[in-house]
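Sequence lines, in order, name chains P and L. Quick note: the first sequence uses my numbering, first residue 1, plus one each step. Quick note: the second sequence uses my numbering, first residue 1, plus one each step.
Because the hints were derived from the structure by calculation, they are not lab data. Among the hints, erroneous ones may be present.
Only part of the chain P face toward chain L is listed, based on derived beta-carbon distances under 7 Å [as the list claims (entries may be wrong)]:
{"no.": "1", "residue": "G414"}
{"no.": "2", "residue": "I427"}
{"no.": "3", "residue": "A431"}
{"no.": "4", "residue": "V446"}
{"no.": "5", "residue": "S481"}
Only pairs whose alpha carbons sit at most 20 Å apart, straight line, appear in this in silico EDC-like list of lysine to aspartate or glutamate [what the hints assert, rightly or not]:
{"no.": "6", "chain 1": "P", "residue 1": "K365", "chain 2": "P", "residue 2": "E158"}
{"no.": "7", "chain 1": "P", "residue 1": "K442", "chain 2": "P", "residue 2": "D368"}
{"no.": "8", "chain 1": "P", "residue 1": "K162", "chain 2": "P", "residue 2": "E137"}
{"no.": "9", "chain 1": "P", "residue 1": "K442", "chain 2": "L", "residue 2": "E104"}
{"no.": "10", "chain 1": "P", "residue 1": "K442", "chain 2": "L", "residue 2": "E156"}
{"no.": "11", "chain 1": "P", "residue 1": "K151", "chain 2": "P", "residue 2": "E358"}
Treat the numbers as computed from the prediction; the structure is a model and nothing was measured. Backbone N, C-alpha and C fix where the C-beta goes; we use that ideal spot for every residue, glycine too.
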Amino acid sequence: MSPDYTGLFQALRPETSLLFGALVALGLDLSLFRRHTSGERLNLALWIGALAVLAAGAHVWFGPHGPIFGGVLILDPLAVATRLGVLALTLLTLGVATAARTPRNPAEYVAIILFATTGFMLMAAAQQLLLAFLALELASLSLYVLAGFDKTRPESAEAALKYFLFGGMAAAFLLFGFSLIYGLTGSIELLEIARQLTLQGLSPLLVVALVMVLVAFGFKAAAAPFHLWAPDVYEGAPTPSAAFIASASKLAGFTLFARLLWPGLRAAAGNVSTLHGAPGWLPAVAVISAVSLLLGNFAALAQTNVRRLLAYSAIAHAGALLLGVIAAGRSGPAPFFFYAATYGLATVGAFGVLAVVERTGSCQKITDLAGLHRRSPLLAGCLAIFMLSLAGIPPLAGFFGKFTVFAAALQLGGLAGPAGWLAFLAIALSALALYYYLIVLKQALVAPPTANASRIVVPTLARFTLMAAAGLIVLFGVAPSLLLDLF
Amino acid sequence: MNALPCTIYLSFVGALLALAAGMRSAATARVVALLTALTGFGVALSAAAHFVPGPGLQNLINLPWIPDLGIRYHLAADGISLTLILLTGIAAVAGILFSWNIEERAGEFFALFLTLIGGVYGVFLSADAFTLFVFYEIAIVPKYFLIANWGSTNREYGAMKLVLYSFAGSALVLAGLLWAYAAGVAHGFAPSFALHDLATAATHFTRGEQLGMFALVFLGFAVLAGLFPFHTWAPTGHVAAPTAASMLLAGVVMKLGAYGCLRVAMPLFPVGLEYWQPVIAWLAIIGIIYAGLVALVQDDFKFVIGYSSVSHMGFVLLGLAVANAQAVSGAVLQMFSHGVIAGLLFAVVGRMVYERTHTRKLADLRALPLHRLMPFAALTFVLAGLASMGLPGFSGFPAELTILIGTWKTSPLWATFAAVGVLVAAAFTLRVIQVSFFGSSDRTSLPADAAAHPLPPITWAERAGAMLLIAATVYVGLKPDVLLQWINPALQSPLFQAALRGGTP
Numbered sequence: 001m002s003p004d005y006t007g008l009f010q011a012l013r014p015e016t017s018l019l020f021g022a023l024v025a026l027g028l029d030l031s032l033f034r035r036h037t038s039g040e041r042l043n044l045a046l047w048i049g050a051l052a053v054l055a056a057g058a059h060v061w062f063g064p065h066g067p068i069f070g071g072v073l074i075l076d077p078l079a080v081a082t083r084l085g086v087l088a089l090t091l092l093t094l095g096v097a098t099a100a101r102t103p104r105n106p107a108e109y110v111a112i113i114l115f116a117t118t119g120f121m122l123m124a125a126a127q128q129l130l131l132a133f134l135a136l137e138l139a140s141l142s143l144y145v146l147a148g149f150d151k152t153r154p155e156s157a158e159a160a161l162k163y164f165l166f167g168g169m170a171a172a173f174l175l176f177g178f179s180l181i182y183g184l185t186g187s188i189e190l191l192e193i194a195r196q197l198t199l200q201g202l203s204p205l206l207v208v209a210l211v212m213v214l215v216a217f218g219f220k221a222a223a224a225p226f227h228l229w230a231p232d233v234y235e236g237a238p239t240p241s242a243a244f245i246a247s248a249s250k251l252a253g254f255t256l257f258a259r260l261l262w263p264g265l266r267a268a269a270g271n272v273s274t275l276h277g278a279p280g281w282l283p284a285v286a287v288i289s290a291v292s293l294l295l296g297n298f299a300a301l302a303q304t305n306v307r308r309l310l311a312y313s314a315i316a317h318a319g320a321l322l323l324g325v326i327a328a329g330r331s332g333p334a335p336f337f338f339y340a341a342t343y344g345l346a347t348v349g350a351f352g353v354l355a356v357v358e359r360t361g362s363c364q365k366i367t368d369l370a371g372l373h374r375r376s377p378l379l380a381g382c383l384a385i386f387m388l389s390l391a392g393i394p395p396l397a398g399f400f401g402k403f404t405v406f407a408a409a410l411q412l413g414g415l416a417g418p419a420g421w422l423a424f425l426a427i428a429l430s431a432l433a434l435y436y437y438l439i440v441l442k443q444a445l446v447a448p449p450t451a452n453a454s455r456i457v458v459p460t461l462a463r464f465t466l467m468a469a470a471g472l473i474v475l476f477g478v479a480p481s482l483l484l485d486l487f
Numbered sequence: 001m002n003a004l005p006c007t008i009y010l011s012f013v014g015a016l017l018a019l020a021a022g023m024r025s026a027a028t029a030r031v032v033a034l035l036t037a038l039t040g041f042g043v044a045l046s047a048a049a050h051f052v053p054g055p056g057l058q059n060l061i062n063l064p065w066i067p068d069l070g071i072r073y074h075l076a077a078d079g080i081s082l083t084l085i086l087l088t089g090i091a092a093v094a095g096i097l098f099s100w101n102i103e104e105r106a107g108e109f110f111a112l113f114l115t116l117i118g119g120v121y122g123v124f125l126s127a128d129a130f131t132l133f134v135f136y137e138i139a140i141v142p143k144y145f146l147i148a149n150w151g152s153t154n155r156e157y158g159a160m161k162l163v164l165y166s167f168a169g170s171a172l173v174l175a176g177l178l179w180a181y182a183a184g185v186a187h188g189f190a191p192s193f194a195l196h197d198l199a200t201a202a203t204h205f206t207r208g209e210q211l212g213m214f215a216l217v218f219l220g221f222a223v224l225a226g227l228f229p230f231h232t233w234a235p236t237g238h239v240a241a242p243t244a245a246s247m248l249l250a251g252v253v254m255k256l257g258a259y260g261c262l263r264v265a266m267p268l269f270p271v272g273l274e275y276w277q278p279v280i281a282w283l284a285i286i287g288i289i290y291a292g293l294v295a296l297v298q299d300d301f302k303f304v305i306g307y308s309s310v311s312h313m314g315f316v317l318l319g320l321a322v323a324n325a326q327a328v329s330g331a332v333l334q335m336f337s338h339g340v341i342a343g344l345l346f347a348v349v350g351r352m353v354y355e356r357t358h359t360r361k362l363a364d365l366r367a368l369p370l371h372r373l374m375p376f377a378a379l380t381f382v383l384a385g386l387a388s389m390g391l392p393g394f395s396g397f398p399a400e401l402t403i404l405i406g407t408w409k410t411s412p413l414w415a416t417f418a419a420v421g422v423l424v425a426a427a428f429t430l431r432v433i434q435v436s437f438f439g440s441s442d443r444t445s446l447p448a449d450a451a452a453h454p455l456p457p458i459t460w461a462e463r464a465g466a467m468l469l470i471a472a473t474v475y476v477g478l479k480p481d482v483l484l485q486w487i488n489p490a491l492q493s494p495l496f497q498a499a500l501r502g503g504t505p
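If we strip away everything but chain P, and leave its shape as in the complex, we get (with noise of 0.2 Å):
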């Protein structure tokens, strides 16, 4: 193999745009713009970051496709998808920021912004185990420092405590089990241990590593039970940080599982068409994924505080994203792709929401969303859009994400095998999911405003953020194909 260095160039142009567009929001901050108001630096920061980012997605788009550098990166259809996703929902954070709270170092957490980008597109792309980790705790490292971004707040930097511990042991965990199948395979290259797996069988050394590795995407992913880190995360970060790691990292993050679990294990894959299929590591996902549905959905019955309904639900539909996993072996990576990158711009959205009432004082608890019909009726309505498409109903993507997904599932031995009990299982908790979602919008859009509240000014940029992210939702929910299309 020849390295082909200009190849590898073309395809990372993409990444450079990013990098290029984190240096220089900083360098400006930096010089120029030193003694200008935090407010002002901020919106540089971002009006810079998004130019970034538009040029990474223009690259994307234009880009080459296919292996890349010998196939340490593979540009397939899913790569491609990831990609595009991901720029959209860091786009979209970054819209969320500008209702946000001024951070104090406003460049600083643009460019962090950006680094975390850059490790989720190399993420979408790799493999090969050594660039798939590094790209995982390139966005890992740099989502722990939003987390912990607003430094006034002792939640914040508990949140950041948190998710650092349980991430940084998921880390190890990770190390672990790719160094266990480099030993096992003699290649870091996923190809080529596909190919020695194919020989070798299922080992008892494989178990332990699939084990290492399941651990450490479950904490990834906030899957049960390896989720406890996202209640609190979620609740004490700064709500752009959360809105991200809620949305971009999980389609990363499902993006390099797949492609990790499907081309690179897929020897080792096992059977749940049936109940007593071979033994592997399909079998374990569908463990997970079913302790997922139930925690989440049933927890989520319980909160008060609107963050943590969100993350409990975001353990549920992680659950849901694993099925997708599960099922990406015969249907293809489309499902859950467009699952996760639905249910991201969902999340992002309702975060955006939360961050705009914010502005007005508190907005931890369901209550405090009280009245928003009254306070800001665009508010409410796209609070509707986004709430109702994580529940499901037609016509918003987050319906054809399900569809797609339990669709997928159902292939796989019908309502016959373990597969398809998972779907019946993820089918039925929908229902139950509808109430806590409607519990939040009944606040929303059915309580009276309490005394003291006053009306919402959204500000510019953020109602066309979530003009857009609403816009986006209800495109794809109506015309899936757009999306599919890409595969």
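Use these hints to put chain L onto chain P, whose structure you have.
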């Protein structure tokens, strides 16, 4: 005929317009809403005038929607759809007329109302299971906000219960449909959600699969049709809802469930239908009698009507379960008939009586000489009550009679029990007419406070709405052939014939 899909789009566009108009004034919003509903009804009427009855669905529009999954946007109509489209048009117009007094957040009210109507039109026109399901779910969420925002007694509880029952039912339907879709693909058929393709694939399914799929899909839809013991959402929801929403819930939304059973569950899985037939029939009979007996002892006027709806919908489900041509055509006729009559009953109770006297307690109403204070309301209610009891001359008579005759052909025992239900219905209807409107035997003087605070007069909107509904029930009662000439040929289509023969080709 080809303009029928416009009923859907008109309703959704009207919803947006009403929302915008509501920002100016409530009056504009209600005019916009009424015009939208009238146009939709007009389209339905003109389609009916040009309709040529025949077996099978007549295509209206058929476009690829999501080619990767074989989903098409496929709308089509036959005599059964047309009957229910007409019912929806009537219910929409009447519902808006009876909501003429909504002032608070009127734009949102009519927007939600028209969204619900649009979803209902969509369900009745769908020939693709995915399309049907999407419209079915679009119709669910507006109900919550209509009830929770503008409802009365215990409205948040009633709204949530109703929506969760509906959504849980639709979850069962989704599971069943996806299972059938996946099984079809597994049997080597091209992926498709078209009802026709699913039915073809289903003939290759194992008996176990057919039984399971039928149970999921039929039960899921039947929850919304008020099948005992899953009917409890209906009385609480109807009571909590604002008048127009109760009219629509009882009048049209419960029919969505029955229509889903008839259009999807029965033709797709005839083997399942044959197996589950006795269970459904007995549950329907229990529903008829039980709900009737409960209605007999209610002391809330609206609960009486709410339970009567469950009882009358039991006849629809019985007719469907019996599954011979006569019983099924009677069931469709009963869907229309009950839609009109329930609308009328809820209009009198919720709008004419409750919003003037501010009580629904029968004990309180007994003290008022309502037949003298509100002669128009009394007349309307008596007519609606007679129609509801199934007296000749009203639409309830041919509908229930056809169902009973059809049932008798299959099982005289079931028909006998169902006939008991007719007697119970007569009993609770007569009781509530007597107690509510003619309770005060005092013929000479009004109570002092009633004279001091005369009830507001019945408005033109209420009169118009009531006349429309009465005209519909009397017209169909005197000339049921106007609907049966559409319904009977529709049942000759191969899909329905398979269902009526219990799966034997």
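The hints, checked one at a time:
| no. | hint | verdict |
| --- | --- | --- |
| 1 | G414 | 5 Å, holds |
| 2 | I427 | 5 Å, holds |
| 3 | A431 | 4 Å, holds |
| 4 | V446 | 5 Å, holds |
| 5 | S481 | 5 Å, holds |
| 6 | P:K365 with P:E158 | 19 Å, holds |
| 7 | P:K442 with P:D368 | 12 Å, holds |
| 8 | P:K162 with P:E137 | 16 Å, holds |
| 9 | P:K442 with L:E104 | 17 Å, holds |
| 10 | P:K442 with L:E156 | 9 Å, holds |
| 11 | P:K151 with P:E358 | 17 Å, holds |
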